[in-house]
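K.L.:
Given the coordinates of chain C, work out where chain W should sit on it, guided by the hints.
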Amino acid sequence: AQSVSQHNHHVILSEAASLELGCNYSYGGTVNLFWYVQYPGQHLQLLLKYFSGDPLVKGIKGFEAEFIKSKFSFNLRKPSVQWSDTAEYFCAVNARHSGNTPLVFGKGTRLSVIA
Amino acid sequence: GAVVSQHPSWVICKSGTSVKIECRSLDFQATTMFWYRQFPKQSLMLMATSNEGSKATYEQGVEKDKFLINHASLTLSTLTVTSAHPEDSSFYICSATPGFIGNTEAFFGQGTRLTVV
Numbered sequence: 002a003q004s005v006s007q008h009n010h011h012v013i014l015s016e017a018a019s020l021e022l023g024c025n026y027s028y029g030g031t032v033n034l035f036w037y038v039q040y041p042g043q044h045l046q047l048l049l050k051y052f053s054g055d056p057l058v059k060g061i062k063g064f065e066a067e068f069i070k071s072k073f074s075f076n077l078r079k080p081s082v083q084w085s086d087t088a089e090y091f092c093a094v095n096a097r098h099s100g101n102t103p104l105v106f107g108k109g110t111r112l113s114v115i116a
Numbered sequence: 012g013a014v015v016s017q018h019p020s021w022v023i024c025k026s027g028t029s030v031k032i033e034c035r036s037l038d039f040q041a042t043t044m045f046w047y048r049q050f051p052k053q054s055l056m057l058m059a060t061s062n063e064g065s066k067a068t069y070e071q072g073v074e075k076d077k078f079l080i081n082h083a084s085l086t087l088s089t090l091t092v093t094s095a096h097p098e099d100s101s102f103y104i105c106s107a108t109p110g111f112i113g114n115t116e117a118f119f120g121q122g123t124r125l126t127v128v
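Residue numbers (this note's numbering), protein chains in the order written: chain C, 2 to 116; chain W, 12 to 128.
In isolation and in its complexed conformation, chain C is listed as follows (with noise of 0.2 Å):
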C-alpha cells in the first residue's frame, strides 16, 4: 500500500524567505506525484504534477518540485514566499497504470507567511 508522510504541520515564514516543504512517499511500483493547495474556504487546487521526465517540476505562483526517486522524496519549494501563499499544501500519490486510481494523501503542511 502507498503512503505519504509530509514532515512539517505547521510552518510559519516572513515574507520574502525562501520555502521547503518535505514529502517522502513508500510505494513498490511506479508513482505520479502531486502537490495540491488549499486556500481557507476554497477547492483543493493543483500547484504541479510529476508523471515522467524532467524531475524538476515547475509549477503554478513561482512553486516548484523535484523528485528524488532514490530518496522517494517529493519535496516543494518557493524562493520568496508572499503573504497569499498561507495556505494548507498537500502531497499527493497515485500508483501509475491505466485506468483511474485514488490519490494517497499526506496530511497536509498549514503555512502561514507574516508580514
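FYI, nobody ran anything at the bench for these hints, they're computed from the structure.
Don't be surprised by glycine CBs; every beta carbon is placed ideally from N, CA and C.
The reader is advised that the hints may include incorrect statements.
What the hints assert, rightly or not - FRET-style restraints, in silico, Cβ to Cβ: (1) A18/C to G27/W: 43 to 51 Å; (2) Y40/C to A13/W: 14 to 22 Å; (3) T91/W to S71/C: 42 to 50 Å; (4) S27/C to S16/W: 28 to 36 Å.
Said to hold, decoys possible - Only pairs whose alpha carbons sit at most 27 Å apart, straight line, appear in this in silico DSS-like list of lysine-lysine: (5) K108/C to K50/C; (6) K72/C to K108/C; (7) K108/C to K52/W; (8) K108/C to K75/W; (9) K62/C to K52/W; (10) K52/W to K50/C; (11) K77/W to K108/C.
As the list claims (entries may be wrong) - Some chain C residues judged to face chain W by a derived CB distance under 7 Å, without partners named: (12) N101; (13) G107; (14) G109.
P.N.:
Frame of chain C, contents of chain W only:
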C-alpha cells in the same frame, strides 16, 4: 481546467436523519469518481471509489450501508450518509479524472462540510 461541482457546500442535520451529497463533473464524463473524507487537521482519506453503472468499492473500515454511493450517470455521483450521527461530522470531498488513463489530473469538488447535531 475541468470543473467538478459538489452540492451542498455545507449542511447541518439532526442525528438519525440522512443527508445526500452530489458530485457532478460539469464539462467531462467520469466513469470513476472518488469520495474522500477529511477530519480536522488531518489528511484526506479515501472512502470509496464510485463506478458508473456498477457497485462502489469501499475502503476497509468504511461501512457501505452507512455511506451509500450511487453513480447513475457519467456526470453524477451521490453519497448518502444514512442515519447520521455526530461522529459522521466531517468534510467530504469528491474527485473525478477526465479520460480513462491514470496519468491525468484529478479535479476536486469544493467539499461538503457536514455537521450532525
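K.L.:
Against the structure, test the hints numbered earlier, and report the numbers of the ones violated in rising order.
P.N.:
none
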